[in-house]
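Respectively, the protein sequence lines represent chains A and B.
The numbering used here puts the first residue of the first sequence at 41, with every later residue one more than the last.
The numbering used here puts the first residue of the second sequence at 11, with every later residue one more than the last.
Derived from the structure by calculation, the hints contain no laboratory data.
Bear in mind the structure is a predicted one, so any value in this text is a computation, not a measurement.
Beta carbons: idealized from backbone N, C-alpha and C, even for Gly.
Take these hints with a grain of salt, some might be off.
To be verified - Label-pair restraints from in silico Cβ distances:
(1) ALA158(B) to GLN445(A): 36 to 46 Å
(2) LYS408(A) to THR213(B): 43 to 53 Å
(3) TRP257(B) to THR280(A): 40 to 50 Å
(4) ARG178(A) to GLU206(B): 29 to 39 Å
(5) ASN112(B) to GLN445(A): 36 to 46 Å
Given next are the chains, with one letter for each unit.
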Amino acid sequence: MENWDRIREKLQILADAAKYDVSCSSSGSKRANTEKGLGNTTGMGICHSYTEDGRCVSLLKILLTNYCIYDCAYCVSRKSNDIKRAGFTVEEVVALTINFYRRNYIEGLFLSSGIFKNADYTMERLVRVAKKLRTEHRFNGYIHLKTIPGASDELMNEAALYADRLSVNIELPTETSLKQLAPEKNYHDIMKPMAYLQQGITARVEEKQGVYKAPAFAPAGQSTQIVIGATPETDQHIMTLADTLYKNFKLKRVYYSGYVPITSSDHRLPVIGTPVPQIRENRLYQADWLTRFYSFSVEELVDQHHPQLDLDIDPKLSWALRNPHCFPIDINKADYHLILRIPGIGVGSALKIREARKFRKLSWEHLKKIGVAFNRAKYFITCDSATHFHRDMNPDALRHQLLAQSKYAKGLSSQMSLFQ
Amino acid sequence: MMTQLIYDGTLWGLLTVIFEAYERRLEQVRILKTGTAHPDIFGTSLLIISDPVKAARVWKGLKEKLSASALHQFYSCYLSELPQIEDTLLAFTRHVFASKQNSEKDFGHEATLTLSKVGRMVHREKHRMEAFVRFQRWADDVYFAIVAPDYNVLPLIVPHFKNRYGDQRWIIYDQRRKYGIHYDPETGKVSEIELELTENPLTPSAEVLHAEEKNYQMLWQDYFSHVNIAARKNKKLHLRHVPMRYWKHLTEKQPG
Ligand code: SF4
Chain A
41 MENWDRIREK LQILADAAKY DVSCSSSGSK RANTEKGLGN TTGMGICHSY TEDGRCVSLL
101 KILLTNYCIY DCAYCVSRKS NDIKRAGFTV EEVVALTINF YRRNYIEGLF LSSGIFKNAD
161 YTMERLVRVA KKLRTEHRFN GYIHLKTIPG ASDELMNEAA LYADRLSVNI ELPTETSLKQ
221 LAPEKNYHDI MKPMAYLQQG ITARVEEKQG VYKAPAFAPA GQSTQIVIGA TPETDQHIMT
281 LADTLYKNFK LKRVYYSGYV PITSSDHRLP VIGTPVPQIR ENRLYQADWL TRFYSFSVEE
341 LVDQHHPQLD LDIDPKLSWA LRNPHCFPID INKADYHLIL RIPGIGVGSA LKIREARKFR
401 KLSWEHLKKI GVAFNRAKYF ITCDSATHFH RDMNPDALRH QLLAQSKYAK GLSSQMSLFQ
Chain B
11 MMTQLIYDGT LWGLLTVIFE AYERRLEQVR ILKTGTAHPD IFGTSLLIIS DPVKAARVWK
71 GLKEKLSASA LHQFYSCYLS ELPQIEDTLL AFTRHVFASK QNSEKDFGHE ATLTLSKVGR
131 MVHREKHRME AFVRFQRWAD DVYFAIVAPD YNVLPLIVPH FKNRYGDQRW IIYDQRRKYG
191 IHYDPETGKV SEIELELTEN PLTPSAEVLH AEEKNYQMLW QDYFSHVNIA ARKNKKLHLR
251 HVPMRYWKHL TEKQPG
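One chain only, chain B, in its complex shape:
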């Protein structure tokens, strides 16, 4: 019989669910976030409360069986927020614990193969964000960027931006998930922030911006249009590299 397990959407919550699936010997489960679950007349629904001790046990178990990169892939797949990714993560975990040898590269196993593909997609989105973030310098010397990634990749891009822009204050804000990351060069720390945005952050008023900001944006737009070679135009290829949904946050794609 199918059991629905409802959790709070956090990684700890998901690991707790996996723990409970074992503990209660549930064979057929569907894992859902609170708010997305529908009452299922044919099965039972259980609300699972996040439990750090249980979660840590599952994590520790995975850590013993998997390489660091497979563990990281598990985390990336969780961040994909794709529908039913939780079920795949559970199936993967079951296969890991059931195998004597390390099974993370058993690509003939369905869930294992799926996670390797999803992991790659999330990784690609992370890489895109590292490329497509465009900071605007504000008058108070904060470098501010807005993004709307397909997957929840802000946690994954922190190390990159911290290493690269260690001497400037910056904020990267995820417009879709309504939170951001803020780096403070004095402490060298990154923290999560929620912002009340009073005006459209994509087109801030003149006082908000640093005096030179508009000039540099213009120079960048000039540069972008002048490196183009008209004789080689290839729109299809262009769109594959820079899909339209990213354009609204790219300085070079704004009307000059």
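So here's chain A without its partners, still in its complex pose:
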């Protein structure tokens, strides 16, 4: 590249513009290094660094351009916003990706774009970057493309051949909100490519079982993002929508992004200085995790009477306190899935308990050493010890007691260090 100063400036603008999109994940795909090619995708995904706000940096996440013909109120790149604009050439994005990758800075590329001219014109450029990386540079690292709402099936199909993951952001939890803040967008245009890709992905999985080798078709699946706190929807709305997306479109991940205020002049949105709802975002990730890996249903975590997740305590504890009749659980006998439901016990400890109890009955001492969060878990279990902590404790009293255990009360954990 010749003009390094210009490249720097563009990178600064286009990284800035892309950063509010939270999906950093580079997992879920396995692409072996082909002979003499560059790179692989290991399925695990690696965070190569972390931003100062503690988010994972795994992919080079940039916009191809921040010129946009749309005017979505919550977006820094919206047409009416007076900001510096820039655009990369296809070659520039390719060179950056390859050179960052070879230095082990990144797992791959996450490319998105403002909409210039029209949906297809934009999508075609994004696909060209992915194609060049895969075919000319034999790049086997991770590629995530943002699909542009309204782009044609042909382009979508081509994108899926080169990319590991595709995503289109649903943005807001209801169509009414979307209409208000992003007048040019609608759920139909967003969901149509999701449905199209899902068919393609499912077909490919079936084909793979029959034929020896079908070409990869978005092997890491699809994801989407919902902006939290810009509009008045409840957690129940949000979680029900996420659940539908997981079930109907087989999405791999739904990301929740606490709205970061970017303007004070639009009465439809929270003004600058309104705190980012980070705790709420974290609670949503925890609840999402519980539905995907702990076999909780959405209705168990939020319902008409409790439409919002509790901000003070994590959703599992909150569920336990609302359901005292499910406890105490006998550590030495209970089914694994019940053990997972005990506050203070995560997947790691639950697996250890399941193995260790085959050898001997487990006591409080064993549980502490295994790594159970004893001060929380003890109220919900019985084990091979004479001491009991579980009494017919009034849930409100227990809640107060647990909150008083200070470090728990203040703990703002990250989206990854979920609860135990």
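Since chain A is already given, all that's left is putting chain B with the ligand on it; use the hints.
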């Protein structure tokens, strides 16, 4: 009575020590590396010479009793180089051989639980190195990185880097343990190397580096500072993910 068994620090040496502990029916032992042992007035000290035949017998025995992942965990724990890890490995081995069924998941047993925890710590360090290695491209087209991991994890990261960077020549050098691994794309092999570093490898002089290297480092630093969202700053969380001791080898943490 306590017996000190002194060995050379190698895996074969440690396995030989385990063999001897059985052979000589020693109940109470403390295993130490040469150089770290102190004469113990109350017990005896024995210097154990590494013996590949004896070592192989112990390894084979473990292999028959354990799953591949437990065997790998045994190796990882050895690489932790933690004080007294050898004693724990011996206690674990004794429990394995004394149990009729496979005991590797008997987490109510102290040494077994300890090793599962240490194994996890070593694994985490390995994962960190896979993330935190930062190559600098040199003028002769070697990609060179320096690290100083808490545990001796270079042997564990070889497969990852070999698979990922199969078409470039690279060196990862452990500054703390003073050895490195070198991959040669022509032969496809990784070898261990010792280097005489004549200048500070973290800030090599301009001639050593590839003409574009500084530019890409700058771009990466730009990128890193621009993905940050100031409104979300959370220093504590940041430090938990990237503890300060790793910073000096991270390109994005160098003054721009
Ligand atoms: S279409 Fe995308 S880039 Fe354009 S204003 Fe809307 S959200 Fe922003």
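- Item | Unmet hints by their number, sorted upward, for this structure | Per hint list: zero violations.
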